[in-house]
Amino acid sequence: MKKLITMILALVCCVNFAQTKPIKIDTLLGSKGIFSKFKPKEISTKQKLFFNVKLTYTMKDKSGKTIETSTYFNTKHGYFGVLNSKKGSETFNPNDKNFNFMVYSHSLKNYIYSTDRKGKKTVMSIPINPKNDFKMDNVTLKKDSNPSKKFTNQNIVGYPYNNSKTSEKDKVIVYLNDNSISGKNQFKNQLSFAGLGFYQIDGKTVLSTSIENNGNIITLTKIEGVAINFNASEFKKEEMEGMDQAVEEMMKNLKKQ
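Residue numbering for the sequence shown is -18 to -1, 1 to 239, as defined by mature numbering (1 follows the signal peptide of the UniProt record, and there is no 0).
In short, the hints are calculated from the structure, not lab data. Warning: the hint list may mix true and false statements.
To be verified - Below 25 Å or equal to it, Euclidean Cα-Cα: the simulated SDA-like pairs (lysine to any residue) are: (1) 153 / 84; (2) 151 / 201; (3) 21 / 186; (4) 204 / 103; (5) 124 / 139; (6) 3 / 84; (7) 103 / 201.
I would like the entire structure built from these sequences, with the hints used as guidance.
Right, here's the structure in full:
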């Protein structure tokens, strides 16, 4: 019994912060939404990271194959993490065997945090940007003829727009919670994965709930509040030779542009 209690306490210390809670969607969107308080910060492997919003996606390709992915956001400081887990182990637990968490910031300081089968925790830099197939900058949005739909556990209404392309290959249909967008807009910020998430358009925070392109569909199925404190310093840094220097050089070049 004592051993069981010890194990439970250990789990609580690691995963109690991953419990989801109801979230008031109005506090995230509109003119007083997340981008009104947005202060992007650099991240490092020696700090504690905090996540306050969890988005769950379903991705369906042409063949009908479907996968589900969970993404955790810090909506104030502009970083987020994608949890890659096997089916049945979606709980956020850094001590879980095969834990794999890819964290992205607004710069190229992005990391993969992993726990192997023996419990060894490591972190590695990844000088690549997250998968974002659809961006709002330099896009002329046009209202689409498809009907509006309800998305997520919040029953958020998504209004269809397209990117003004006509061919099946190039045409993208995106569902936004705002019905008043048209033409070229004042795009400023984006906090999303695979094109779904938060955009700052015309001074407002807008939520992208679904994207359709060439038979592939990505849908936002859940939006939840969380309070995850992730201690990144527990993970031992491992690097490929010369990786740190390469990342620094790439960041310097970006700042010059």
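Going through the hints against the structure:
no.: 1; hint: 153 / 84; in the structure: violated (29 Å)
no.: 2; hint: 151 / 201; in the structure: holds (19 Å)
no.: 3; hint: 21 / 186; in the structure: holds (16 Å)
no.: 4; hint: 204 / 103; in the structure: violated (29 Å)
no.: 5; hint: 124 / 139; in the structure: holds (17 Å)
no.: 6; hint: 3 / 84; in the structure: holds (23 Å)
no.: 7; hint: 103 / 201; in the structure: violated (32 Å)
Hint check: violations occur at hints 1, 4, 7; the rest are consistent with the structure.
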